[in-house]
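Novice: Note that the protein sequences, when read in sequence, are chains B and L.
Just add 15 to wherever you are in the first sequence, counting from 1, and you've got our numbering.
Just add 24 to wherever you are in the second sequence, counting from 1, and you've got our numbering.
Some hints could be false.
[Claimed, not checked] Some residues of chain L that are not near chain B, with every Cβ distance over 10 angstroms (derived):
hint: 1; residue: Glu31
hint: 2; residue: Leu41
hint: 3; residue: Ala42
hint: 4; residue: Thr43
hint: 5; residue: Ala45
hint: 6; residue: Tyr84
hint: 7; residue: Asp107
[Unchecked claim] Restricting the straight-line Cα-Cα distance to at most 20 angstroms, the calculated cross-link-like pairs of lysine to aspartate or glutamate (EDC-like) are:
hint: 8; chain 1: B; residue 1: Lys200; chain 2: L; residue 2: Asp53
hint: 9; chain 1: B; residue 1: Lys117; chain 2: B; residue 2: Glu76
hint: 10; chain 1: B; residue 1: Lys85; chain 2: B; residue 2: Asp212
hint: 11; chain 1: B; residue 1: Lys196; chain 2: B; residue 2: Asp209
hint: 12; chain 1: B; residue 1: Lys196; chain 2: B; residue 2: Asp158
hint: 13; chain 1: B; residue 1: Lys100; chain 2: B; residue 2: Asp150
hint: 14; chain 1: B; residue 1: Lys97; chain 2: B; residue 2: Glu170
hint: 15; chain 1: B; residue 1: Lys117; chain 2: B; residue 2: Asp158
hint: 16; chain 1: B; residue 1: Lys100; chain 2: L; residue 2: Glu46
hint: 17; chain 1: B; residue 1: Lys196; chain 2: L; residue 2: Glu31
hint: 18; chain 1: B; residue 1: Lys97; chain 2: B; residue 2: Glu179
hint: 19; chain 1: B; residue 1: Lys200; chain 2: B; residue 2: Asp150
hint: 20; chain 1: B; residue 1: Lys85; chain 2: B; residue 2: Asp37
hint: 21; chain 1: B; residue 1: Lys196; chain 2: B; residue 2: Asp212
hint: 22; chain 1: B; residue 1: Lys85; chain 2: L; residue 2: Glu31
hint: 23; chain 1: B; residue 1: Lys97; chain 2: B; residue 2: Asp113
hint: 24; chain 1: B; residue 1: Lys200; chain 2: L; residue 2: Glu32
hint: 25; chain 1: B; residue 1: Lys100; chain 2: B; residue 2: Asp141
hint: 26; chain 1: B; residue 1: Lys85; chain 2: L; residue 2: Asp53
hint: 27; chain 1: B; residue 1: Lys100; chain 2: B; residue 2: Asp77
hint: 28; chain 1: B; residue 1: Lys196; chain 2: L; residue 2: Glu34
hint: 29; chain 1: B; residue 1: Lys200; chain 2: L; residue 2: Glu63
hint: 30; chain 1: B; residue 1: Lys196; chain 2: B; residue 2: Asp150
hint: 31; chain 1: B; residue 1: Lys196; chain 2: L; residue 2: Glu32
hint: 32; chain 1: B; residue 1: Lys100; chain 2: B; residue 2: Asp212
hint: 33; chain 1: B; residue 1: Lys97; chain 2: B; residue 2: Asp141
hint: 34; chain 1: B; residue 1: Lys100; chain 2: B; residue 2: Glu81
[Stated by the list, open to error] Taking CB as the label site, the calculated pair distances span:
hint: 35; chain 1: B; residue 1: Lys32; chain 2: L; residue 2: Ser33; range: 31 to 39 angstroms
hint: 36; chain 1: L; residue 1: Ala86; chain 2: B; residue 2: Asp113; range: 27 to 35 angstroms
hint: 37; chain 1: L; residue 1: Ala60; chain 2: B; residue 2: Ala187; range: 38 to 46 angstroms
hint: 38; chain 1: L; residue 1: Ala40; chain 2: B; residue 2: Asn89; range: 12 to 20 angstroms
hint: 39; chain 1: L; residue 1: Glu34; chain 2: B; residue 2: Asn89; range: 37 to 45 angstroms
hint: 40; chain 1: L; residue 1: Arg78; chain 2: B; residue 2: Asn55; range: 55 to 63 angstroms
Derived from the structure by calculation, the hints contain no laboratory data.
Nothing here was measured: the structure is a model prediction, and the numbers come from that model.
All C-beta atoms, glycine included, are put in the ideal place defined by N, C-alpha and C.
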Amino acid sequence: MTGRTGKGSAAAEDYTKADDADLLMASGQRQQAAFAELVNRYHRPVYRLVWRMTGGHADSEDIAQEAFLKLWRNPSQVREAKALKGWLMRVASNAVIDRSRKPAHADIDAAVEVSDPAARTDHPLDRAEAAALVDRGIAALPDRQRLALSLVYFEGLSNIEAAEAMEVSVEAVESLLARAKRGLKQALADRWRDLLDGLA
Amino acid sequence: MTTGSGEESELRRILALATAAEPPAGAADRLMARLAAVETTAQVVPFRPRATRRKSWFAYAAAVPLAASLALGIYLGAMGKLDTLLPAAITGDLAMSFDADADLTGVGEAEAYAEEHT
Numbered sequence: 016m017t018g019r020t021g022k023g024s025a026a027a028e029d030y031t032k033a034d035d036a037d038l039l040m041a042s043g044q045r046q047q048a049a050f051a052e053l054v055n056r057y058h059r060p061v062y063r064l065v066w067r068m069t070g071g072h073a074d075s076e077d078i079a080q081e082a083f084l085k086l087w088r089n090p091s092q093v094r095e096a097k098a099l100k101g102w103l104m105r106v107a108s109n110a111v112i113d114r115s116r117k118p119a120h121a122d123i124d125a126a127v128e129v130s131d132p133a134a135r136t137d138h139p140l141d142r143a144e145a146a147a148l149v150d151r152g153i154a155a156l157p158d159r160q161r162l163a164l165s166l167v168y169f170e171g172l173s174n175i176e177a178a179e180a181m182e183v184s185v186e187a188v189e190s191l192l193a194r195a196k197r198g199l200k201q202a203l204a205d206r207w208r209d210l211l212d213g214l215a
Numbered sequence: 025m026t027t028g029s030g031e032e033s034e035l036r037r038i039l040a041l042a043t044a045a046e047p048p049a050g051a052a053d054r055l056m057a058r059l060a061a062v063e064t065t066a067q068v069v070p071f072r073p074r075a076t077r078r079k080s081w082f083a084y085a086a087a088v089p090l091a092a093s094l095a096l097g098i099y100l101g102a103m104g105k106l107d108t109l110l111p112a113a114i115t116g117d118l119a120m121s122f123d124a125d126a127d128l129t130g131v132g133e134a135e136a137y138a139e140e141h142t
């Protein structure tokens, strides 16, 4: 904590070196520059998580925005600044799960068009096909497994951090990861070897 | 988390093939613009209490006959002018007719009975 209040001072413009606690405090004082720095730090991982969770749905940006707007409305919701990333991840993933429970709107235009490379196993996979195949395998996992996998393998959270973000025990995260790995391997069983060989 | 096993390594190689999603260009700017819009629209509207209407004296009109009726009832009751209209239990006739000398225990009757039959 630097004790910065940032009310109208010139220093308020430079938040790049402030820690999350300072930024949260300044955001609570409606300093948009401080909040912009938080956005700069965490928008990408939050967006990536949402994108992964929704299977690349066009609503990803909107859902990621909602998580940040919720923080902006009341930054004091985050009790510990060091848990901010996990908090944002939790809010965003909850928003995704909430949306997935609502009736589908049949928004065909919004859905990402993903070809089904698994349908053809008689030709070597190119990079785009391999990506689409893996994306589909991940998208087919149940929500919680996909979330655990995304947090740990794509966002680099430790199992402990992922457990805090998901508000479950570490053992539960490990169990979700184990099931996610099995599920993914099963989904990609036909091309698993091709995917690995293609990279060799 | 990393076990170092071949299986873990394979999984990581597979996952590395997944699409590396990045926010669309200008996404952060759009977020900040939305945030500014929220800030503008979320301004607090000052609370203005609804003007209270002065109570008309008609509101008290019903209270006057009620109070008068109550006072008259108390007066008439105290004067005993309503005793003929009210049950004796209320007016106190029972208490008034109570004869302190009367033998309510039945002992006297028992004695008389005993005298007659001895």
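Novice: For which of the previously enumerated hints does the structure constitute a violation, in increasing order of number?
Specialist: 1, 2, 3, 4, 5, 8, 10, 13, 22, 23, 25, 29, 32, 33, 36, 38
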